[in-house]
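**Q** So the sequence shown is numbered by the working numbering: it starts at 722 and just counts up by one.
Do not rely on the hints blindly, as some may be mistaken.
[Stated by the list, open to error] Below, computed lysine to aspartate or glutamate pairings styled on EDC-like, alpha-carbon distance capped at 20 angstroms: (1) Lys804 x Glu787; (2) Lys784 x Glu772; (3) Lys754 x Glu787; (4) Lys784 x Asp811; (5) Lys842 x Glu735; (6) Lys754 x Glu807.
[Unchecked claim] For each label pair, taking beta carbons as the anchor points, the in silico distance ranges come out as: (7) Thr750 x Ser854: 37 to 43 angstroms; (8) Phe746 x Lys804: 18 to 24 angstroms; (9) Pro753 x Asn847: 44 to 50 angstroms; (10) Lys800 x Leu728: 30 to 36 angstroms; (11) Phe746 x Ser854: 33 to 39 angstroms; (12) Ile822 x Gln747: 21 to 27 angstroms.
Derived from the structure by calculation, the hints contain no laboratory data. Computed from a predicted model, the values in this text were never measured in an experiment. Heads up, the beta-carbon is just placed ideally off N, CA and C, and yes, glycines get one too.
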Amino acid sequence: MYPVDILYTPNPEENYLHAAVAMIFQIHTTQPKADILVFFIGQDEIKASQENLEEKARALGNKIGEVMICPIYANLPTKMHAKIFESTPDGAQKVVLATNIAKTLITIDGVVYVFDPGFVKQNSYNPCTGMESLVFFLTLSSPSLSVGNGTRQGAQ
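Please model the entire structure based on the sequences and the hints provided.
**A** Okay, here's the thing in structure tokens:
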């Protein structure tokens, strides 16, 4: 295992999707090249963030290096899942947009930067109403699970 620095924002982010995209471009333009893994609560958030990233990358054009965006979520076709395991081309930076499937089930080579807002979807039963609902929790254990990819890979 490699050492890991866990950093927190001083205040809660108003919109974690925008914060994630801003963080990706900050890392992409200011830090040594290594792949980035970002966790989202679901497919809709991943798709929205992917569109936002692609739009910003197009707008910046060749002012920045190539950003290889690789989503992974349960309903994604299997062929698309394989993209996250492909090696990153020289000069490029892979950005994996994932649900919590990537926290414990897989290791992605080259990942050094991990962004985890700590939210997960979870079914919850309310005995007062007799109904289940899908709720979002902020989990304190998420960062320790998330850094697994970074600690197994270390700085490249």
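**Q** What hint numbers does the structure not satisfy?
**A** Hints that this structure does not satisfy do not exist here, as all of them hold.
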